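Let chain S serve as the given structure and place chain U on it in line with the hints.
As a plain string of letters, each chain reads:
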Amino acid sequence: MSSFDLPHARGLRGRIAPETAAIQDISVRQEVEKRVAQMEGRYRGLLEAAPDAMVVVNQDGEIILVNLQAKKQFGYVRDELLGQQVTTIIPAGFAERLIADGTRTAAEALAQQMGTGIELVARRKDGGEFPIEIMLSPLESAEGILVTAAIRDISVRRDAEKHLAQMEDRRRLAEDALRESEERYRMLIDGVQNYAIFMMDPRGQIVSWNAGAERTKGYRADEIVGQNFSLFFPSDEIERGRPEQVIRMATLRGRHEEQGMRVRKDGSQFLASMTLTALRDAAGILRGFSEFSHDLTESKESEAKYRALLEAAPDAMVVLHPDGKIVLLNLQAENQFGYQRDELVGQPVTNIIPAGFAERLIADGTRPAAEALAQQMGAGIELAGRRKNGSAFPIEIMLSPVASTEGILVTAAIRDISVRKAAEKHLALMEGRYRGLLEAAPDPMVLVNQAGNIVLVNLQAEKVFGYRRDELVGLSASKLISEDSLELMISQARRSPDGTLVEKSSAGIDVDGHHKDGTSFPIAVTLSPLETDEGPLLAVAIRDITRRKQAEALLLHTVEELNRSNEELGQFASLASHDLQEPLRMVASYTQLLSKRYKGRLDADADEFIAFAVDGANRMQRLIQDLLTYSRVGTKGREFVEVSSEGSFECAMANLRGAVEDSGARVTHDRLPAVLADEGQLIQLFQNLVGNAIKYQGPGIPEIHVSSARSGDGKWTFSVKDNGLGIEAKYFEKIFGMFQRLHRREEFAGTGIGLAICKKIVERHGGHISIESQLGQGSTFRFALKESQVTP
Amino acid sequence: MPIEVLLVEDSPGDVRLTREALCEANTSVHLHVANDGVDAMAFLRREGSYANSPRPDLILLDLNLPKMDGREVLEKVKGDGDLKTIPTIILTTSEAEADIVKSYQLRANCYLSKPVQLDAFESLVKSINDFWLTKAKLPHQSQN
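As you go down the protein sequences, you meet chains S and U in turn.
Going by our numbering, the first residue of the first sequence is number 1, and it counts up by one from there.
Going by our numbering, the first residue of the second sequence is number 1, and it counts up by one from there.
Please keep in mind that the hints were generated in silico from the structure rather than gathered at the bench.
One or more of the hints may lead you astray.
[As the list claims (entries may be wrong)] Calculated pairs, BS3-like style, for lysine-lysine (alpha carbon to alpha carbon, straight line, at most 30 Å):
#1 K102(U) <-> K636(S)
#2 K596(S) <-> K126(U)
#3 K599(S) <-> K126(U)
#4 K596(S) <-> K135(U)
#5 K636(S) <-> K730(S)
#6 K102(U) <-> K78(U)
#7 K84(U) <-> K67(U)
[What the hints assert, rightly or not] Beyond 12 Å from chain U on every Cβ pair, some chain S residues (computed):
#8 G61
#9 R123
#10 G128
#11 E129
#12 P202
#13 V511
#14 P529
#15 A539
#16 L628
#17 D713
#18 G714
#19 R741
[Said to hold, decoys possible] Part of the chain U face toward chain S, derived, beta carbon under 8 Å:
#20 G13
#21 L17
#22 K114
#23 V116
#24 Q117
#25 L118
#26 F121
#27 S123
These figures come from a predicted structure and were not determined experimentally.
In this text, a Cβ means the ideal position worked out from N, Cα and C, and glycines have one as well.
So here's chain S without its partners, still in its complex pose (with noise of 0.2 Å):
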């Protein structure tokens, strides 16, 4: 205990120092120092006073200081419990949640007093068990972080009861006693040292001095038998009138107890505790009066210890005169009005707290201590707290009687409740907030406890399976989606490893929901347990996929009719185009057989117009044989390999060996890289592309000229670069088209097909087919193709 030292005790001897300082005259150096160790005798009273009991203690749980309330509450005597664990006093509960506050930062801590006390079973040293209510707070001190616990004992509002009940027994057990024997009296009181017992005449005058009168007040007998006991009060309290004004009240009451200052023969004052009485005759005419009355200044401890204790106290405390001016606060009380100690010392309470307060502790003061007490036995006063800057703030107030040399003061224990209030409200607010969210949800949300049973619904759910709230609240959720499912998917959320259900695992469990009708319908179905106060639940989010289900059956029927109607296509084109091979193979042959068998024998006119049917026979063959191509590149095209386009330009290039040959052109390529394609495509892409590029040459010789680049999408931009005749930018586009040509037949043979097989060609494989070109400057075809994953 001697080693106590907390930073808030320097601190608040700082805070009076320089008050110190600034005295320069030894008298009034005196005075100052009278009053400090009146200030300090005001802490500790305070602190004694304190309704609950406090507790200091470490982060290793161990009890380092206490108040007298706490040393009284768990029947320990001065420093029996300083060192030992918290958990001798509260055996579960606290220490764990006293080491978690240890460790966490003040602030947080702080955060903790907010919750409304709480409730604990304490341990008294005799192992009897008593309710207690425990309000933490952070105490910054050189140990560390070191937590205050005001407890409560909530079980003192009936034990007080009894306890007053008892009280008023002895004391008339006392009464009897006295009117019994009056030689019985006298050996009794005189014998009785720790009590100042003496009797007076109605006027006050002293008849009878004991002992323990002698020691407390310092006067002998024959000094003091004959003064009026007016003697024992301080001049203040004379100069008022008090000595009359108890005589009256003990007169008129029976008897009148109080406790205040008391001075001794040398001039010293002490707290005094007494009790007087009126004694009247068997026939009631007053005879005088007995005072009882007992030394209160016992305690010896450092005032600083009480002074620290004080202010660390988790509230805002404020002692009051009984007319309603502030004697004194601690630390929490400025922080928590905004004012500077001295702002406050000396002004009415009203300041502080305009309403409600006031009133309350004047009736206070003027009440025995007894009844006082008594009134602190309620659940604390809320009222309303004013802040130095004006704002307002709710308070719950719990008071308490202390006797001090100015008289019976008022201590109130004031805790700051707008956290709570805040909270509540905020809760309120939340709450109002989950449930117009919950209800704005486009989807039904059911909540399931660990029976199965629906716990919390939404409108929609309402809506979606047509009960009522009342009939979904308390139904097994099993009526809504079969319990298979429901098992099935709580089974699969136990399975997610942290036992939180991963939306993943969850979400897109395709079920069948029940209506009340009975009729059933597709729903998806999300799940995600929450830990509540409730124990665990589950929270169901329910979609009713009806409409998805019927969107997918018809997107799945619409593909499968497209992929049949395209395979159709395809084999229509195919099957047109080889049956159409047949008769045309007939036409030609025989206006082949017909121009060479009788080319010259017949009239002129004759073989014009075998030459005609001939032509159109050829050219019809043609077109059926680039329309099968064509169809084919869609119908007939292979998997896409790893393919060398270098191999697949060399192979377009020996097909078109007969036309470069006769054309003269020179066909340059640089290295080709390998692509993802389908090979026999690609040497037709090639072919085509090249085979263009000789036949539609211009003046010169065609140079045609094959290179590719790396375009960065994982791609390869081929270029067939020609110098023939060009093309004007007008037909850029039109060129890809079918049967498209821009050159009458005399000029250029073809059917205009090539450039779409092309296009088609170079579009499965999921690119882009390009041409620049100027008339007379020849022309750049582009196309990209994907570089296979393997070669860089």
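For chain U alone, kept in the frame of chain S given last:
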């Protein structure tokens, strides 16, 4: 000594073209024609009005025929212990891979596509004559 060739072909145009081309290439060819598969089998088995028909030295068989198609005829011929030694050439407009594979699986001796151009057709028929009727040694199974 005449060479007996059975042409199984339903198109009169093709029959005429083949006849023109073959006779131009080889004057000693006797070309017999069956217009469908049933007719062809009757000829080969000398059934009905074909009782006196000769055993052909070579069969030119089209695949797409009425009643019984060329594939079936081929299967029957190559499954017949007596007829299977007769070289059977598929001569058809089909260039389908499936037809080619199927034909060889059924033991066709050769598969030829009819070219579209008359010149090409004539030269194809000429090469049939040059190879199968001139250079190749064919079995001459005696008639009963």
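Hint-by-hint comparison with the structure:
Of the pairs offered as hints, the one joining K102(U) and K636(S) holds, with about 19 Å between alpha carbons and a cut-off of 30 Å not exceeded. Our distance criterion of 30 Å between C-alpha atoms is met by K596(S) and K126(U), whose separation comes to about 17 Å. Taken as a hint, the K599(S) and K126(U) pair is honoured in the structure, with Cα atoms around 23 Å apart against an allowance of 30 Å. Proposed proximity of K596(S) and K135(U) is supported: the alpha carbons are some 29 Å apart, at most 30 Å.
Distance restraint check for K636(S) and K730(S): the Cα-Cα separation of roughly 33 Å exceeds the 30 Å cut-off, and the hinted pair is therefore not satisfied. As the CA atoms of K102(U) and K78(U) are separated by approximately 13 Å, the hinted pair is consistent with the 30 Å bound. With a C-alpha separation of about 22 Å, the suggested pairing of K84(U) with K67(U) holds against the 30 Å cut-off. Even its closest Cβ contact with chain U, about 89 Å, leaves G61(S) beyond 12 Å, as expected for a residue assigned away from the interface.
Remark: the non-interface label on R123(S) is consistent with the geometry, its nearest Cβ contact in chain U lying 96 Å away (cut-off 12 Å). Chain U leaves G128(S) outside its interface by the beta-carbon criterion, the shortest separation being 102 Å against a cut-off of 12 Å. With a closest Cβ-Cβ approach of about 96 Å to chain U, E129(S) is found to remain outside the 12 Å limit, as its non-interface label requires. Chain U leaves P202(S) outside its interface by the beta-carbon criterion, the shortest separation being 141 Å against a cut-off of 12 Å.
For V511(S), the requirement that its beta carbon stay farther than 12 Å from each beta carbon of chain U is met, with the minimum near 47 Å. At roughly 60 Å from the closest C-beta of chain U, the C-beta of P529(S) stays outside 12 Å, upholding its exclusion from the interface. The claim that A539(S) lies off the interface holds: its Cβ sits roughly 60 Å from the closest Cβ of chain U, which is beyond the 12 Å cut-off. Look at L628(S): its CB is around 10 Å from the nearest CB on chain U, not clear of 12 Å, so calling it non-interface is violated.
Non-interface status of D713(S) relative to chain U is upheld: no Cβ of that chain comes within 12 Å, the nearest being about 36 Å off. Consistency note on G714(S): stated as away from chain U, and its beta-carbon is indeed over 12 Å from all of that chain's, at 33 Å minimum. Distance check on R741(S): its Cβ is at least 22 Å (rounded) from any Cβ of chain U, clearing the 12 Å threshold; non-interface status holds. The closest approach between the C-beta of G13(U) and any C-beta of chain S is roughly 4 Å, which is under the 8 Å cut-off, so the hint is satisfied.
Using the Cβ-Cβ criterion of 8 Å, the hint placing L17(U) at the interface with chain S is satisfied: the shortest such distance is roughly 6 Å. For K114(U), the interface hint holds, the least distance from its beta-carbon to any beta-carbon of chain S being 7 Å, beneath 8 Å. Evaluation of the V116(U) hint against chain S yields a held restraint, the C-beta minimum of about 5 Å falling below 8 Å. Against a cut-off of 8 Å between C-beta atoms, the interface hint on Q117(U) holds, since the closest Cβ of chain S lies about 7 Å away.
At its closest, the beta carbon of L118(U) sits 4 Å from a beta carbon of chain S; the interface hint therefore holds under the 8 Å criterion. Nearest Cβ of chain S to the Cβ of F121(U): about 7 Å, under the 8 Å cut. The hint holds. For the restraint placing S123(U) at the interface with chain S, the shortest Cβ-Cβ distance is roughly 13 Å, beyond the 8 Å limit, so the hint is violated.
Checked against the numbered hints given earlier, this structure breaks hints 5, 16, 27; the rest are met.
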